[in-house]
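Anchor point for the sequence shown: position 89 equals 89 in my numbering, and the numbering is continuous, going up by one each time.
Among the hints, a few may not be true.
[What the hints assert, rightly or not] Taking lysine-lysine pairs in the DSBU-like style, the calculated list, with each CA pair at most 35 angstroms apart, reads: (1) Lys-42 - Lys-106; (2) Lys-106 - Lys-70; (3) Lys-28 - Lys-80; (4) Lys-80 - Lys-42; (5) Lys-43 - Lys-25; (6) Lys-134 - Lys-80; (7) Lys-43 - Lys-100; (8) Lys-70 - Lys-60; (9) Lys-70 - Lys-43; (10) Lys-43 - Lys-60; (11) Lys-25 - Lys-42; (12) Lys-60 - Lys-71; (13) Lys-80 - Lys-70; (14) Lys-42 - Lys-60; (15) Lys-106 - Lys-43; (16) Lys-80 - Lys-100; (17) Lys-134 - Lys-60; (18) Lys-54 - Lys-106; (19) Lys-73 - Lys-54; (20) Lys-100 - Lys-70; (21) Lys-25 - Lys-106; (22) Lys-60 - Lys-106; (23) Lys-28 - Lys-134; (24) Lys-39 - Lys-60; (25) Lys-134 - Lys-42; (26) Lys-70 - Lys-42; (27) Lys-71 - Lys-134; (28) Lys-28 - Lys-54; (29) Lys-73 - Lys-25; (30) Lys-100 - Lys-71; (31) Lys-134 - Lys-39; (32) Lys-73 - Lys-39; (33) Lys-134 - Lys-100; (34) Lys-80 - Lys-54; (35) Lys-54 - Lys-134; (36) Lys-71 - Lys-28.
Just so you know, these hints were derived from the structure itself, not from any lab.
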Amino acid sequence: MVIIIIHIFRAAPAPTVDPYAEDMKNRKIMALECIDRVKIDKKIIEMAMQYPTKLPNDIKYKEFLTCSYKKQKFQSADGKMLYDNIYDFLTRFYNRSDLKTLDICKNVTASNDGEMAFNSLECIMTQLYEFEEKI
């Protein structure tokens, strides 16, 4: 009987561990903190996630983005986008060399931090969708 249990244990696949699970959990906490801080309706964020090519041009959404981006270190305290950090995050889903297509987004400008976060996200999403259509 013990031998059978040992063989079953050996044959069972090793449990898979998501190396990013803890990081994603922390990012979700950051997002929830920003939702509370900005007092944005969660439905606006849900719509943005459901339709990422049609981002809501809403002041509360822009405030949420900049809050979230600063917490995630995608945007500096003075509003500059930190593309190296964005690229590091996106390498979970893309090859780093493929992210060169986003370099054009480094030229995005805006009048304030919320606009910068929003305009940069629009550019990033556009570039990623165009890249994915090519492959």
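Going through the hints against the structure:
1. Lys-42 - Lys-106: Holds. Lys-42 to Lys-106 sits at ~29 angstroms (cutoff 35 angstroms).
2. Lys-106 - Lys-70: 17 angstroms, holds
3. Lys-28 - Lys-80: 22 angstroms, holds
4. Lys-80 - Lys-42: Measuring from Cα to Cα gives roughly 26 angstroms; hence the hint holds.
5. Lys-43 - Lys-25: 20 angstroms, holds
6. Lys-134 - Lys-80: 30 angstroms, holds
7. Lys-43 - Lys-100: 32 angstroms, holds
8. Lys-70 - Lys-60: 15 angstroms, holds
9. Lys-70 - Lys-43: With a Cα-Cα distance of about 22 angstroms, the restraint between Lys-70 and Lys-43 holds, given a limit of 35 angstroms.
10. Lys-43 - Lys-60: 12 angstroms, holds
11. Lys-25 - Lys-42: Holds: Lys-25 and Lys-42 sit about 18 angstroms apart, inside 35 angstroms.
12. Lys-60 - Lys-71: Judged against 35 angstroms, a Cα distance of about 17 angstroms means the pair holds.
13. Lys-80 - Lys-70: With Cα atoms ~10 angstroms apart, Lys-80 and Lys-70 stay inside 35 angstroms; holds.
14. Lys-42 - Lys-60: Holds. Lys-42 to Lys-60 sits at ~11 angstroms (cutoff 35 angstroms).
15. Lys-106 - Lys-43: Given pair Lys-106, Lys-43 holds - Cα atoms ~29 angstroms apart, limit 35 angstroms.
16. Lys-80 - Lys-100: With Cα atoms ~19 angstroms apart, Lys-80 and Lys-100 stay inside 35 angstroms; holds.
17. Lys-134 - Lys-60: Judged against 35 angstroms, a Cα distance of about 34 angstroms means the pair holds.
18. Lys-54 - Lys-106: With Cα atoms ~21 angstroms apart, Lys-54 and Lys-106 stay inside 35 angstroms; holds.
19. Lys-73 - Lys-54: Between Lys-73 and Lys-54 the Cα gap is close to 24 angstroms, so the pair holds against 35 angstroms.
20. Lys-100 - Lys-70: 22 angstroms, holds
21. Lys-25 - Lys-106: 28 angstroms, holds
22. Lys-60 - Lys-106: It holds: about 24 angstroms lies between the C-alpha atoms, which stays within 35 angstroms.
23. Lys-28 - Lys-134: 31 angstroms, holds
24. Lys-39 - Lys-60: 8 angstroms, holds
25. Lys-134 - Lys-42: 33 angstroms, holds
26. Lys-70 - Lys-42: 19 angstroms, holds
27. Lys-71 - Lys-134: 33 angstroms, holds
28. Lys-28 - Lys-54: Answer holds: Lys-28 to Lys-54 is near 22 angstroms, not above 35 angstroms.
29. Lys-73 - Lys-25: Status holds; Cα separation ~16 angstroms.
30. Lys-100 - Lys-71: 24 angstroms, holds
31. Lys-134 - Lys-39: 39 angstroms, violated
32. Lys-73 - Lys-39: 21 angstroms, holds
33. Lys-134 - Lys-100: 14 angstroms, holds
34. Lys-80 - Lys-54: 23 angstroms, holds
35. Lys-54 - Lys-134: 20 angstroms, holds
36. Lys-71 - Lys-28: 11 angstroms, holds
When the structure is compared with the earlier hints, a violation turns up for hint 31 alone.
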